[in-house]
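Quick note, the sequences are listed as chains L and H, same order.
Position one of the first sequence corresponds to residue 233 (the working numbering), numbered consecutively onward.
Position one of the second sequence corresponds to residue 7 (the working numbering), numbered consecutively onward.
Hints are supplied without guarantee of correctness; some may be wrong.
[To be verified] No farther apart than 30 Å at their CA atoms in a straight line, the calculated lysine-lysine pairs in the DSS-like style are these:
#1 L/LYS497 to L/LYS394
#2 H/LYS72 to L/LYS267
#3 L/LYS394 to L/LYS408
#4 L/LYS261 to L/LYS350
#5 L/LYS261 to H/LYS72
#6 L/LYS408 to L/LYS497
Rather than coming from a laboratory, the hints here were simulated on the basis of the structure.
Source: prediction; values computed, not measured.
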Amino acid sequence: MTFPRNSNILGWLSDRLPVGWLREAAAAKSVPRHKHSFWYIFGGLTLFFFGVQLVTGLLLALYYQPSPEHAYESVAGIVNDVQHGWLVRSIHSWSANLLVAMLFIHMFSAFLMKAYRKPRELMWLSGALLLFLMLGFSFTGFLLPWDTTAYFATLIGTEVPKTMPIIGTWGVSLIKGAEEIGEATLTRMYSLHVIYLPLIALAIISFHVLLNQLSGSSTPVGTAERRPPIRFFPNYFYRDLIAWGLGLAALLVLATMLPWGLGDKADPFASAPSGIRPEWYFWPLYETLRMIPAQVLWINGELIVNLIVGTLTIFWFSVPFIDRRSARGERSPVFTAIGVLLISYMLLTIGLAYFT
Amino acid sequence: MGRMLRGLGKAVAVVTAMQQIASGMGPGSPLRLPGFWDRVVVLVVGIILIGGLVGLLNALRRRADKREQER
Chain L
233 MTFPRNSNIL GWLSDRLPVG WLREAAAAKS VPRHKHSFWY IFGGLTLFFF GVQLVTGLLL
293 ALYYQPSPEH AYESVAGIVN DVQHGWLVRS IHSWSANLLV AMLFIHMFSA FLMKAYRKPR
353 ELMWLSGALL LFLMLGFSFT GFLLPWDTTA YFATLIGTEV PKTMPIIGTW GVSLIKGAEE
413 IGEATLTRMY SLHVIYLPLI ALAIISFHVL LNQLSGSSTP VGTAERRPPI RFFPNYFYRD
473 LIAWGLGLAA LLVLATMLPW GLGDKADPFA SAPSGIRPEW YFWPLYETLR MIPAQVLWIN
533 GELIVNLIVG TLTIFWFSVP FIDRRSARGE RSPVFTAIGV LLISYMLLTI GLAYFT
Chain H
7 MGRMLRGLGK AVAVVTAMQQ IASGMGPGSP LRLPGFWDRV VVLVVGIILI GGLVGLLNAL
67 RRRADKREQE R
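Construct the complete structure from the given sequences, taking the supplied hints into account.
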């Protein structure tokens with residue numbers, strides 16, 4: 233094999249692929265430096281934990297068996313019999329939690345910095361879509377171990393959206409595949425978790441990252457840039473990689489010191505045990521459902537919660553188009569207050585669910 | 007120092023045991039996890055590897071920043 237231009241791999245590749253163009257595109261991007269620059273690191277961390285999910289998920293898929301008869305035993309087998317299987321499973325579960333945590337920090341920091349304003353509306357929309365996709369990953373992955381918590385949390389979780397007008401019953405039957413949670417549900421959850429959602433997520437993440445490459449990171453309104461921006465490649469890229477290394481270290485501490493557990497095998501004929509709860513990021517929804525009475529006047533309580541969630545979702549996607557002040561480059565304290573209120577409500581309800 | 011480290015090790019072991027019981031990994035659990043100290047070995051080896059990698063990346067970052075300043 234010969235390398236016509238340079239005697240290295242890059243030279244060989246640049247004769248066959250547009251490596252130079254890629255390097256130029258990477259070098260063209262710069263990251264602003266100001267007092268809020270720290271928050272930029274969380275987008276990269278979210279991407280890193282998604283990568284961890286893909287790698288560990290591919291490894292787990294080699295051994296996992298998606299059927300009610302074998303799912304539980306296959307998960308126990310991964311932990312007990314597969315070399316370092318306990319570590320891979322624990323990393324997958326903890327990384328899912330860290331991914332959602334990083335995603336929320338990234339999303340709320342983007343919201344408070346008004347990073348959604350022109351010309352980054354599409355970046356915001358794709359990011360908001362990714363939030364729902366990641367929650368979908370969590371929901372579909374939760375049932376896979378087929379233990380008591382997974383079974384009954386999914387049972388409750390698929391009952392709530394039924395009251396949603398028009399799409400509620402249809403959407404639930406599409407996910408469940410049958411009246412009761414069983415083989416059809418597990419097959420659908422598994423295929424959604426390992427085929428449909430990853431394919432859609434990869435496409436949207438690529439679009440999101442491409443937009444970030446083209447438009448760069450946004451500087452908050454009224455924030456002065458004290459120093460010249462930092463080149464993304466290679467200067468900021470190294471900072472990203474260092475943050476990923478620290479993220480990996482934190483993940484390893486959690487995965488080894490607090491390895492992920494497995495409850496008793498699900499028994500569909502048993503009654504739901506008390507204290508069944510979804511993952512922590514669904515706790516705001518869970519607490520709201522607990523706080524609202526079953527019937528408010530003549531309206532079903534769950535329907536009210538579904539309407540609140542629907543309205544919030546529409547609002548979240550519309551933010552770049554309704555925050556006119558930010559679009560004009562002015563401060564918009566109303567949207568800052570909304571962001572702070574939402575974060576406070578989330579923290580309060582998560583705290584309430586944890587301590588009660 | 008040695009006494010403090012042993013005390014810390016015991017405290018972590020107690021917290022881990024409590025967490026394992028709470029998450030269904032206590033007595034009667036279907037899971038056979040490696041022992042506490044075996045997991046500590048995995049953690050220490052992992053942290054050393056990651057630490058080395060982060061150190062290397064930090065050196066590369068400094069070199070890149072220096073080049074940028076010289077430009």
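Results for each hint:
1. Restraint check: the Cα-Cα separation between L/LYS497 and L/LYS394 comes to about 26 Å, which is no more than 30 Å; the hinted pair holds.
2. Taking the CA atoms of H/LYS72 and L/LYS267, the gap is about 22 Å. The hint holds against a cut of 30 Å.
3. Distance restraint check for L/LYS394 and L/LYS408: the Cα-Cα separation of roughly 12 Å lies within the 30 Å cut-off, and the hinted pair is therefore satisfied.
4. For the suggested pair L/LYS261 and L/LYS350, the alpha carbons sit about 18 Å apart, so the restraint of at most 30 Å is met.
5. Restraint check: the Cα-Cα separation between L/LYS261 and H/LYS72 comes to about 19 Å, which is no more than 30 Å; the hinted pair holds.
6. A distance of roughly 19 Å separates the Cα atoms of L/LYS408 and L/LYS497; the hinted pair therefore holds under the 30 Å criterion.
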